[in-house]
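Participant: As a plain string of letters, each chain reads:
Protein chains: 2
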Amino acid sequence: MPELRQDPILGHWVIISEQRGRRPGSATIERQATTEAECAFCPGNERETLPEISALRAPGTAPDSPGWRVRVVPNKFPALSPASDGGEVEQDAQQDLFPSRPGHGHHEVIIEGEAHTRSVTEFANDRMEELVCVYRDRFRALEQMPGTRSATLIKNVGAAAGMSISHSHSQLIATPMLSPVLEAELAAAQNWARAHDGSCIWCDIIRTERQRGVRVVEVRENLVALCPWASRFPFETWILPVAHEAHFGRTCDATTGEFATLLLDVLRAIESRLTNPPYNYAIHSAPFPVEPTGQYHWRLAILPRVTRVAGYEQASGVYINHVTPEDAADQLRRSMSLSDGSSQQPDPSWDGRREASTTATDAE
Amino acid sequence: MPELRQDPILGHWVIISEQRGRRPGSATIERQATTEAECAFCPGNERETLPEISALRAPGTAPDSPGWRVRVVPNKFPALSPASDGGEVEQDAQQDLFPSRPGHGHHEVIIEGEAHTRSVTEFANDRMEELVCVYRDRFRALEQMPGTRSATLIKNVGAAAGMSISHSHSQLIATPMLSPVLEAELAAAQNWARAHDGSCIWCDIIRTERQRGVRVVEVRENLVALCPWASRFPFETWILPVAHEAHFGRTCDATTGEFATLLLDVLRAIESRLTNPPYNYAIHSAPFPVEPTGQYHWRLAILPRVTRVAGYEQASGVYINHVTPEDAADQLRRSMSLSDGSSQQPDPSWDGRREASTTATDAE
Chain P
1 MPELRQDPIL GHWVIISEQR GRRPGSATIE RQATTEAECA FCPGNERETL
51 PEISALRAPG TAPDSPGWRV RVVPNKFPAL SPASDGGEVE QDAQQDLFPS
101 RPGHGHHEVI IEGEAHTRSV TEFANDRMEE LVCVYRDRFR ALEQMPGTRS
151 ATLIKNVGAA AGMSISHSHS QLIATPMLSP VLEAELAAAQ NWARAHDGSC
201 IWCDIIRTER QRGVRVVEVR ENLVALCPWA SRFPFETWIL PVAHEAHFGR
251 TCDATTGEFA TLLLDVLRAI ESRLTNPPYN YAIHSAPFPV EPTGQYHWRL
301 AILPRVTRVA GYEQASGVYI NHVTPEDAAD QLRRSMSLSD GSSQQPDPSW
351 DGRREASTTA TDAE
Chain W
1001 MPELRQDPIL GHWVIISEQR GRRPGSATIE RQATTEAECA FCPGNERETL
1051 PEISALRAPG TAPDSPGWRV RVVPNKFPAL SPASDGGEVE QDAQQDLFPS
1101 RPGHGHHEVI IEGEAHTRSV TEFANDRMEE LVCVYRDRFR ALEQMPGTRS
1151 ATLIKNVGAA AGMSISHSHS QLIATPMLSP VLEAELAAAQ NWARAHDGSC
1201 IWCDIIRTER QRGVRVVEVR ENLVALCPWA SRFPFETWIL PVAHEAHFGR
1251 TCDATTGEFA TLLLDVLRAI ESRLTNPPYN YAIHSAPFPV EPTGQYHWRL
1301 AILPRVTRVA GYEQASGVYI NHVTPEDAAD QLRRSMSLSD GSSQQPDPSW
1351 DGRREASTTA TDAE
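Chain order of the listed sequences is P and W. Under the working numbering, the first residue of the first sequence is numbered 1, with each subsequent residue one higher. Under the working numbering, the first residue of the second sequence is numbered 1001, with each subsequent residue one higher.
So here's chain P without its partners, still in its complex pose:
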């Protein structure tokens, strides 16, 4: 049974999960990329995962056999376990100095295609749309699980971004408490709303960023992609719904379809500019239970990992970023306007220094 411990001073939570130490390659920092023959996520090897929770599969094919296009399975080395798994955690009597709770929750893996591909950018738009609908379905399923307070979808691409299996997949982790990041966001959103007639801080950021223009990568009918003001990583990019929507799981079909193609386009632009960097993406969504009026605004955040989270970042919470978000947005806009799905080469002349912005909306 994993245990959840909180730091009494800094507030971060730690999942103490000895079981995670037993997964392949976990003891070493440089994990080997798996090959197709030994890949537990490739078709034909379905028995190497736990039984599937759900799948998109060809009519007539049986669960846990080939014929699927997207497959959702419980993580074999879960960070958190369902409450029904039983088990007890011995709590320290002094909970103010040593806070803890049982590590109840859910840890799912979404295997994103039958092919042994590194990145979803190899997918066609319709496959990506199908996949994003699975993401949405899993958020909807997890919000029904008793005791679940929130869920985060994350993807790790490349060993430097924490990837342990190279077959394209994402993970959904649902926790029995709000994460420190979600708590801080909700507190900030509430403070902002109180001071601004109930306004949503993310709605206000989106409106103001669209006026400024310089950090906006792309605006579509329902969504906007931008490089955030205080980007922690070079080319950090967020995708947000333009309308005030708190829950990713409640997004309409039109927005979901547009989200799939915009996400592909932005990821392709980042992969083009940074030459297939390691990256993470995460979907941040409001806590459960679903309250339609909640002060939250869902988003997907892409974190390219071309720089390290080194000692200073860990010790201070101050990040060092050598590419301004204005430069990054400019580069991504150019990359996306060059591209219409066809192949493109990184610009070898670009060296990360500020270049003149070429957008008409450059108001700064």
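Be aware that a few hints might be false.
Examples of chain P residues toward chain W, derived with CB under 8 Å [said to hold, decoys possible]: (1) Arg5; (2) Thr208; (3) Arg308; (4) Val309; (5) Gly311.
The set of hints was computed from the structure by calculation and includes no laboratory data. Backbone N, C-alpha and C fix where the C-beta goes; we use that ideal spot for every residue, glycine too.
Based on these hints, arrange chain W on the given structure of chain P.
Facilitator: Frame of chain P, contents of chain W only:
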């Protein structure tokens, strides 16, 4: 001129420093270890650094020439620049959504020995003591710099921990504002003191941990080493003064000497158990100006980096750690009791799972 930007929602600060992008190897994630011939930190190459701020050197040797044992220089690619360097940062008019300030501060490099060694664990005790005195002197010097609110000393060992030059060195970064980590610590300490008759939370943690015993690595006359309750990384270890001391720069000579040998012993135990892992260490000290009654307690934190900070940690502030701090402390205690400075081998039988604790003080 670097710029400091704050995230309006999450509160983290980002140093936007395009100059940092120009340092060798900064564009790629896997940096090459430098060799002695080309190492800017080796004796004979003093002209490749900026002119030295201070040094411990043999009598009669000139600044910026060989003959030194420890050398302090300004970082050639500074994250922050002294205010006297001039330069302006254009601020966004809407500071509530786009907070920023000029990137004024100090960024020093402490070159820790004339030999091209990877880790300070190769040093004899007296050399380490000399080095720790230089750390202390630099904290004292930085607290005198106008506009400086706090300083953090950090070390990155190994590429995976953010090291860019393999010659053993540390960095001191002084900022014009409190870091988010320091702000959170001070707020938590104040809350604790209010609820506990003015008591220091770190003093209370040290006292309680000594009663519990299981997470204590070593107790000496003036210092304690322990694996913290909510360790984010396997074998995370803190060294703290037993007495209530807020400022590392104000530590007495006796404690400083003991600190040097305890730090060496703990680092050697970690390197032995984890077979020379990448690691960071950081010295957390109270903000400036020096107030002797401040609610803070300095510490050094060692973060072995055998696991990645992947997508989930970044998105949630929840860490996954597969080694309990109780196990880690037990392993380190054994390693330190085996060792009296002589060489030791990692225990190949240990696989990170819980083992019976052998301490008499195991009260849990």
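Participant: Each hint: holds or not?
Facilitator: Verification of the hints:
A hinted interface residue such as Arg5(P) counts as satisfied when its beta carbon comes closer than 8 Å to some beta carbon of chain W; here the least separation is about 4 Å, so the hint holds. For Thr208(P), the suggested interface contact is upheld, since its CB lies about 6 Å from the closest CB of chain W, less than 8 Å. A least Cβ separation of about 4 Å between Arg308(P) and chain W falls short of the 8 Å threshold, and the interface hint therefore holds. A cut of 8 Å between beta carbons decides the hint on Val309(P): the least distance to chain W is about 5 Å, and the hint holds.
Contact between Gly311(P) and chain W, as hinted, is supported at the beta carbon level, the nearest pair being about 3 Å apart and thus within 8 Å.
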